[in-house]
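Model the full assembly from the supplied sequences, consistent with the hints where possible.
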Amino acid sequence: MLDLRPNCECCDRDLPPDASDAMICTFECTFCADCASEKLGGTCPNCGGELVRRPVRPAAKLARFPASTTRVFKPQGCAGAAP
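Quick note: the sequence shown uses the numbering used here, first residue 112, plus one each step.
Any given hint might turn out to be false.
As the list claims (entries may be wrong) - In the EDC-like style, the derived pairs of lysine to aspartate or glutamate whose C-alpha atoms are separated by at most 20 Å in a straight line are:
1) Lys172 <-> Asp145
2) Lys185 <-> Asp114
3) Lys172 <-> Glu161
4) Lys172 <-> Asp114
5) Lys172 <-> Asp123
6) Lys185 <-> Asp123
7) Lys185 <-> Asp125
8) Lys172 <-> Glu149
9) Lys185 <-> Glu139
10) Lys150 <-> Glu161
11) Lys172 <-> Asp129
12) Lys185 <-> Glu161
13) Lys150 <-> Asp132
14) Lys150 <-> Asp125
15) Lys150 <-> Asp114
To be verified - Restraint-style ranges between C-beta atoms, simulated for each label pair:
16) Gln187 <-> Pro166: 14 to 20 Å
17) Thr137 <-> Lys172: 31 to 37 Å
18) Ala190 <-> Gly160: 35 to 41 Å
19) Lys172 <-> Gly152: 30 to 36 Å
Think of the hints as simulated: they come from the structure by calculation, not from any bench. We put the beta carbon where it would ideally sit given N, CA and C, even for glycine.
Okay, structure coming up:
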């Protein structure tokens, strides 16, 4: 099950579970759409994988399967990462 991390690793912007602009890689590294496209060129700076839109967990399922509250912030890995 996806962690649904609460923020962008590049800019620390909040990305709630229902965010339609959250992007993830296969390791669940999480970025906002702006950083994913403008800074990262659609590629995860951690693993080199493709960044795709993170699915939204239905609100009715969040009580039983809550989103993560652990923030990951690594701005040093995002600067100038785009090709």
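Hint check:
1. Proximity of Lys172 to Asp145 is assessed by CA-CA distance (about 27 Å); at most 20 Å being required, the pair is judged violated.
2. Pair hint Lys185 plus Asp114 holds up; C-alpha atoms about 17 Å apart against a cutoff of 20 Å.
3. For the hint linking Lys172 to Glu161, the alpha-carbon distance of about 27 Å lies beyond 20 Å, and the restraint is violated.
4. At most 20 Å may separate the alpha-carbon atoms for a hinted pair to count; Lys172 and Asp114 meet this at roughly 13 Å.
5. Restraint check for Lys172 and Asp123: not satisfied, since their Cα atoms lie roughly 25 Å apart, outside the 20 Å limit.
6. At roughly 9 Å between alpha-carbon atoms, Lys185 and Asp123 fall within 20 Å of each other, so this suggested pair holds.
7. At roughly 14 Å between alpha-carbon atoms, Lys185 and Asp125 fall within 20 Å of each other, so this suggested pair holds.
8. A distance of roughly 32 Å separates the Cα atoms of Lys172 and Glu149; the hinted pair therefore is violated under the 20 Å criterion.
9. For the suggested pair Lys185 and Glu139, the alpha carbons sit about 14 Å apart, so the restraint of at most 20 Å is met.
10. Among the hinted pairs, Lys150 with Glu161 is consistent with the structure: their alpha-carbon atoms are about 14 Å apart, no more than 20 Å.
11. Restraint check: the Cα-Cα separation between Lys172 and Asp129 comes to about 12 Å, which is no more than 20 Å; the hinted pair holds.
12. Pair hint Lys185 plus Glu161 holds up; C-alpha atoms about 18 Å apart against a cutoff of 20 Å.
13. Between Lys150 and Asp132 the alpha-carbon distance is near 15 Å, which keeps this suggested pair within the 20 Å criterion.
14. A distance of roughly 17 Å separates the Cα atoms of Lys150 and Asp125; the hinted pair therefore holds under the 20 Å criterion.
15. Of the pairs offered as hints, the one joining Lys150 and Asp114 is violated, with about 23 Å between alpha carbons and a cut-off of 20 Å exceeded.
16. Hint check: Gln187 to Pro166, Cβ distance near 28 Å, so the stated range 14 to 20 Å is violated.
17. Roughly 22 Å separates the CB atoms of Thr137 and Lys172, a value that falls outside the hinted 31 to 37 Å.
18. Separated by about 19 Å at the C-beta atoms, Ala190 and Gly160 break the suggested range of 35 to 41 Å.
19. Separated by about 33 Å at the C-beta atoms, Lys172 and Gly152 satisfy the suggested range of 30 to 36 Å.
Taken one by one, the earlier hints fail for this structure at numbers 1, 3, 5, 8, 15, 16, 17, 18, listed in ascending order.
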